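A.B. asks: As you go down the protein sequences, you meet chains A and C in turn.
20 is the number of the first residue of the first sequence in the numbering used here; add one for each residue after it.
2 is the number of the first residue of the second sequence in the numbering used here; add one for each residue after it.
In case anyone wonders, no lab produced these hints; they're calculated from the structure.
From a predicted model like this one, the values you see are computed outputs, not experimental measurements.
Errors might be hidden in some of the hints.
[Claimed, not checked] Label pairs and their computed distance ranges (CB to CB): (1) C:A87 <-> A:R227: 44 to 52 Å; (2) A:M243 <-> C:A185: 21 to 29 Å; (3) C:R105 <-> A:G77: 21 to 29 Å; (4) C:P6 <-> A:S213: 39 to 47 Å; (5) A:G77 <-> C:P182: 35 to 43 Å; (6) A:R215 <-> C:G17: 45 to 53 Å; (7) A:G77 <-> C:A83: 37 to 45 Å; (8) C:F174 <-> A:T89: 55 to 63 Å; (9) C:I189 <-> A:G77: 43 to 51 Å; (10) C:P26 <-> A:P102: 33 to 41 Å; (11) C:D261 <-> A:A289: 32 to 40 Å; (12) C:L177 <-> A:R129: 45 to 53 Å.
All C-beta atoms in this analysis are idealised placements derived from N, C-alpha and C, irrespective of residue type, glycine included.
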Amino acid sequence: MVILGVATLVFLLLHLAPGDPVEAMLGESAGTADRAALRAELGLDAPLPLQYWRFLRGLAAGDFGHSLHTRESVAQAIAERLPYTAALAGAALGLAIAFALPLGLYSALRAGSRLETLTSVAAVIGMSVPSFVLGPLLMLVFAVWLGWLPVAAAGTAAGLVLPALTLGLALAALLARMVRAAVREVLDEDYIKSARARGLPERRVLWRHALRNAALPVLTVVGMQLGALLGGAVITEMVFGWPGLGQLTIEAIQRRDYPLVQGCVLVVSASYVFINMLTDLLYGLCDPRTVAA
Amino acid sequence: MTMRPSTAIALVLVVGWAIAALLHPMLLPEATGVDLSRLFVPPTASAWLGTDELGRPIAQRVLAGAAVSCGIGVVVVAVSLATGTAYGVVCAYAGGAVDAVGARIIDVFMAFPGILLAIGLAGVLGPGAGNVLIALCAVGWVGFARLARAQTLAIKARDHVTVGRALGSPPLFILLRHVLPLTAAPLIVEATFALAAMVVAEAGLSFLGLGAQPPTPSWGSMIRQAMQYLLVAPHMLLGPCAALMSVAISANLLGDRLRDRWQIKR
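One chain only, chain C, in its complex shape (with noise of 0.2 Å):
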């Protein structure tokens, strides 16, 4: 297996949030730890990024930030993932009223951008890094669901399925041996990209001051302070803006090139 340079740099710096978000206790008593004596110092050998309104140094807070920003992202995917798969091949599977009424109120749910759902859900759930988590899996599963049930509907009428069928094994049985391995690939090369999406939304819900409350640091809510200090310390905004950017663009160009690799046509 050849991997293109471009490839490695994004699992890397995957990998490197990752082992961030781990390590989040030993980082954060640094990241909360407030210095009235270095308000908005620019960037310098002994604060690398700056130090933001209370001064607090800028690196270390992007650092810690990753466990909420990037931490809810894995964990929305990983849920809308599982609800959302197993919604659609039961849809499909099942046939009949069952999909009927599925496939309806999937069509609802991707007649409004998610995002706007999302923001009014986590507005009326209040602010807080659990509510944030609830919305964005009530809009995290329509994709997932959507496109396991176009591929089981595919599946379902492949010979294998037949005789499986023929040969009177359980339904249950079908699904989980013969059309679940065969929706893997594309499933996960949308939870690839769906991974770049939902540390995006969490950060837009941080943003917008409906995600995780202070002292805890997080990119979305750091982006909003550096905004407010945009013309007193224009370098809060660089630390977590650039975290943010290299998380979504490695998620996003790894499901690239998982796609390809795969060959999945979209």
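Here chain A stands alone, though its shape is the one from the complex (with noise of 0.2 Å):
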């Protein structure tokens, strides 16, 4: 239901928006004749409403239809793109949690220390500074003034420790606020206090007792912002020149290839709803009380 509002959305925002692909595509100096042969041929003479159709059935089919400009098909350049995205996501967030878990969970143990304050510090910091500056910084400390890693390594395992590190950093700062605020919190609970009082080891309270229950508040942190990390991955793809849907997205929107631009925001837009749905499901695993409700 939502998915088929999202691609309503996009179709509406493509073709009532200025701008002709075909013009885009044969240049300002080609014939009537031309453009309209064109045209046919792409199906665009077509009134909205039944190019509406056409695209909406072709969707019900899985097929995106084909690029404009390469003439290729869009399911086919997705796929190619997409493993580079997903790869990127993958190590941006394994990224966060190693650096979130610990530094949120000794923060609400440790209240007060200098480490609790520079977490938040941190955290404020990571928040703020987008992918394109901190892409471009971490370029020039580690790449041109360090000389650890390579400029350009688009596509290999070298070229993906700056992206990751890029969108997985904001990512952490989020999460480590998070897993404090969550952690504390329950800590606070009377189970807790009952726990202890039972006189269960401190690490039996923690591991059993308090990291289950705060897992539930930033599963959802986490579930909303793979989300975001997709639309991140947009920009950061293109700072580092990664080849991954993001670059593909921007291509096509750069070329006016409608069907192509349709297809990217379609598939990142799904995987943002399916993500959501999975951390729901995933809700049920961790308290068993939400699937009740």
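Take each chain as given, in its own frame, and dock them per the hints.
C.D. replies: Put into structure tokens, the structure is as follows:
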């Protein structure tokens, strides 16, 4: 249902906006006959509702149409780039969790410590610094000045480090904040006090009782942020020339390649919706009470 | 009222950039003056952030860039705040079918990453500051609409609204007098965060080449330029990055502090 709405929005957006893909393809000097021929060939001469109907029918059959520029199937173009974006998002998420979990946990347990202050300052900064600022700065430090990493190594494992760091650090900042807040809240609960009163070792109290319950709000944020991550990946990919879905989207926009833009935006949005659904399902695993409700 | 030092610094920074933005017409000539005898000069006493690929002084360009970068952010937040709030309040107060459809539309907009929609929209509209403004407004109103709707739903059930209705006050009067004032605090906090987000988003679109076109300086396009000369003139990167970060961090910090002061839960 939401996907249908998104599809409609994307379709309307592209077709109502000024700008003519045929003109972009043929150039301004092309004759009227040539334009009409190409328009008919691409199905752009049909009335808008008919184009919309064809578009939806294609979607239902898993057919995103063909790129206006390369004539390649959109589904195939996306399938080629998707693994790169998935690798980037996955690596970024992994990095974020690796940073945020210990830091958030530590600052929740040691309130007022220097590390806690540092973590919260880093969290505000991390949330405020966009990828196109952090990315070039990281590149400057690690690739240009220190020379530890290649400047341009798009699509290779070494080239993944900086983009993943760029995306991951922002997410880590937010996540660390959430972990701290969630753990601290849970530690105030009665069942933690009773667990401690029963003389359970602190380690067990923490892992069995506190962390499991703190996982829920953290999971929500991870789910929501993964979607934002996909959006942020678009710009990060442009910064580093990473050949993923984001770069494909921008290229498609620049060429007014309607079917390709439609396909890219739809795939990203669909993954966003899918991730949110997955988060809801994971809820049930973490906290069986939510299933009954 | 006491103020933490960090809050004061953030406030000073935001006000400072606002002044720079207002002085834009005076700053522009210097910021766009090409001097081909001074290309890629590293920071010195005469050009303390160095010069760029056309010999233009970066410090002046950063100051002049505040108008586009912050100006668009402020306008977008103002427009989004007004339209989003109106939309959310009316949906929630009307209830029934209006709210059902209205909430669905919000859901659809929330279902995709806002920046992607803005990029797509700015892309099809074509590059330019005006189109960036439109694209960001098209995305920005949703957050305010959702917040205003949720707030109104809660306030609607309160006694003073019921009394107002029982006394026969017209709906518009109830909305303006009994509902809107109570939604103000969370909306202002949201607007502060949105300002940071929109300044960053504008810079993002400019970075992709969709924003204000040369020779008008904007922080996003300056970062884009600096990326191209990263190996030759790394100093070009520092000015615009620092400016952008100072605005974003300050606005986010102010939002945080306001939220604490007014004790708004999220």
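A.B. asks: Hint compliance check: list the failing hint numbers for this structure, sorted ascending.
C.D. replies: Hints 5 and 10 are the ones this structure does not satisfy, whereas the remaining hints hold.
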